[in-house]
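Participant: Sequence:
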Amino acid sequence: MSSQDGKETSDPQREQELTIDQLVESDRGLALQHLLSRTPDNSISVVESAACAQRPAQVELYAHIGVGTCGTVYHETGTTTVLKLAKSQEWGVQLWNDYITHSEVLAAFDKLGSTINLRIPAVLHFTTRTDNTWWTHNLPLFTRETEPTDVLVSERIMPLPRAIRDSLVNAYCDGDADRKTAARDDPANSACLARVYLGRRRRVRVKPQTCFSLRNFPLHVDQILEIGLDARPWAVSMGQTLAVMHWEVGCDARDVEFVLGCQATLSAAELRRLPGKTSTRGTVVGFGRRGVDLWMLDFNQVRQRSKDERGVDGAVHAFFENDPYFPRPYAEDSEEQELWTVFQEAYLEMAKHCTQIRTRPALAEMPQIFITKVIDGQQKRLRVIAEIQARPRSLDEYENGETGGG
Numbered sequence: 001m002s003s004q005d006g007k008e009t010s011d012p013q014r015e016q017e018l019t020i021d022q023l024v025e026s027d028r029g030l031a032l033q034h035l036l037s038r039t040p041d042n043s044i045s046v047v048e049s050a051a052c053a054q055r056p057a058q059v060e061l062y063a064h065i066g067v068g069t070c071g072t073v074y075h076e077t078g079t080t081t082v083l084k085l086a087k088s089q090e091w092g093v094q095l096w097n098d099y100i101t102h103s104e105v106l107a108a109f110d111k112l113g114s115t116i117n118l119r120i121p122a123v124l125h126f127t128t129r130t131d132n133t134w135w136t137h138n139l140p141l142f143t144r145e146t147e148p149t150d151v152l153v154s155e156r157i158m159p160l161p162r163a164i165r166d167s168l169v170n171a172y173c174d175g176d177a178d179r180k181t182a183a184r185d186d187p188a189n190s191a192c193l194a195r196v197y198l199g200r201r202r203r204v205r206v207k208p209q210t211c212f213s214l215r216n217f218p219l220h221v222d223q224i225l226e227i228g229l230d231a232r233p234w235a236v237s238m239g240q241t242l243a244v245m246h247w248e249v250g251c252d253a254r255d256v257e258f259v260l261g262c263q264a265t266l267s268a269a270e271l272r273r274l275p276g277k278t279s280t281r282g283t284v285v286g287f288g289r290r291g292v293d294l295w296m297l298d299f300n301q302v303r304q305r306s307k308d309e310r311g312v313d314g315a316v317h318a319f320f321e322n323d324p325y326f327p328r329p330y331a332e333d334s335e336e337q338e339l340w341t342v343f344q345e346a347y348l349e350m351a352k353h354c355t356q357i358r359t360r361p362a363l364a365e366m367p368q369i370f371i372t373k374v375i376d377g378q379q380k381r382l383r384v385i386a387e388i389q390a391r392p393r394s395l396d397e398y399e400n401g402e403t404g405g406g
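What the sequence shown shows, in the working numbering, is residues 1 to 406, in sequence order.
No wet-lab data here; the hints were simulated from the structure.
All clues given are correct.
Computed Cβ-Cβ distance ranges for the label pairs, DEER-style: (1) GLU335 <-> ASN216: 18 to 26 Å; (2) VAL384 <-> THR143: 42 to 50 Å; (3) ARG358 <-> GLN304: 16 to 24 Å; (4) LEU106 <-> VAL204: 35 to 43 Å; (5) ARG303 <-> LEU274: 39 to 47 Å; (6) GLY78 <-> TRP134: 16 to 24 Å; (7) PRO218 <-> ALA107: 25 to 33 Å; (8) ALA364 <-> ARG144: 45 to 53 Å; (9) ARG179 <-> GLY66: 19 to 27 Å.
For lysine-lysine, the following BS3-like pairs were computed, each having C-alpha atoms within a straight-line distance of at most 25 Å: (10) LYS307 <-> LYS352; (11) LYS352 <-> LYS111; (12) LYS307 <-> LYS111.
The beta-carbon is built from N, C-alpha and C at its ideal position, and this holds for glycine as well.
My request is simple: use the sequences and hints to build the entire structure.
Facilitator: Right, here's the structure in full:
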């Protein structure tokens, strides 16, 4: 997909307020540029078509929208609430850790996050499997659940608007028009969040694409640059956020996710533009104007860490164990290397403002030690990858695996 097939010249308001109908008819690269380009406040607004905006919110059941490591995820239809149900009693321990860490992260961002262009869902409450009052009322509303379990309830990150979903299908779903139509109309693809992978390019597929899913859609750094987006603000936000996690919350940020999604509520500026006394209850707002932002979520595997070099080693391990959201040093592409540069600069600058660094001079060098260890770790990984790629591979390995770095 190319972002260089011509750019419309129109007033800025129209560029940020395109209907689905107009975008579906436009070039797929141009559509994604319009829809994912960033405004000065680090978000965009999308106005959906009249038919979409007039759909009624349905209040029926808890709708299944995904499965995570420790739980099954449901959306309370007609609301802005999401529920994560523990897969078992053992996974309930991780879900409780998710709840506690999520709350700690929100508190840290209340203190330091005003300059960080990142959203974190509100955490609402934790319900245990032994809460008979809650489960007696709610268990019949889950079509896939047969017995009580622990539940974490939080704000839902709303899916990307239909226009963006359709453009992603047009750009990245292999096959003919019928296959693309089926992907666009698949109800499962309506629950679309895009994972922002600034640390990995797409792998080259050896086998044909057998299925296409928009759930947790991986948006790799080469795709982001191909679309023509400026990824530096995301790199800055990730660097600042990781510093807050390390030096304010005091955790390793293991397995957290960074996604593009929509806010369910309107900003003060958007409220000001509404006609007087407009209903903004539940997801009625979500059917109209959607702000697209970078979000952080999923804290169930996050661990507290010691405030010394051993703790830094744990944070470095978590950095590489995570999905490749964070930029990496030693990138071959100059634009990707710049993402690492702004990421590390943002990390080091934000660390200076964190309580652990400000109040304990002995820790002042620790953020730089973390960055140095990440650079060294990436260098070692690249050396190992080069050695593996230099080995002869059998025909079976080529047929059953993937090529390309990551």
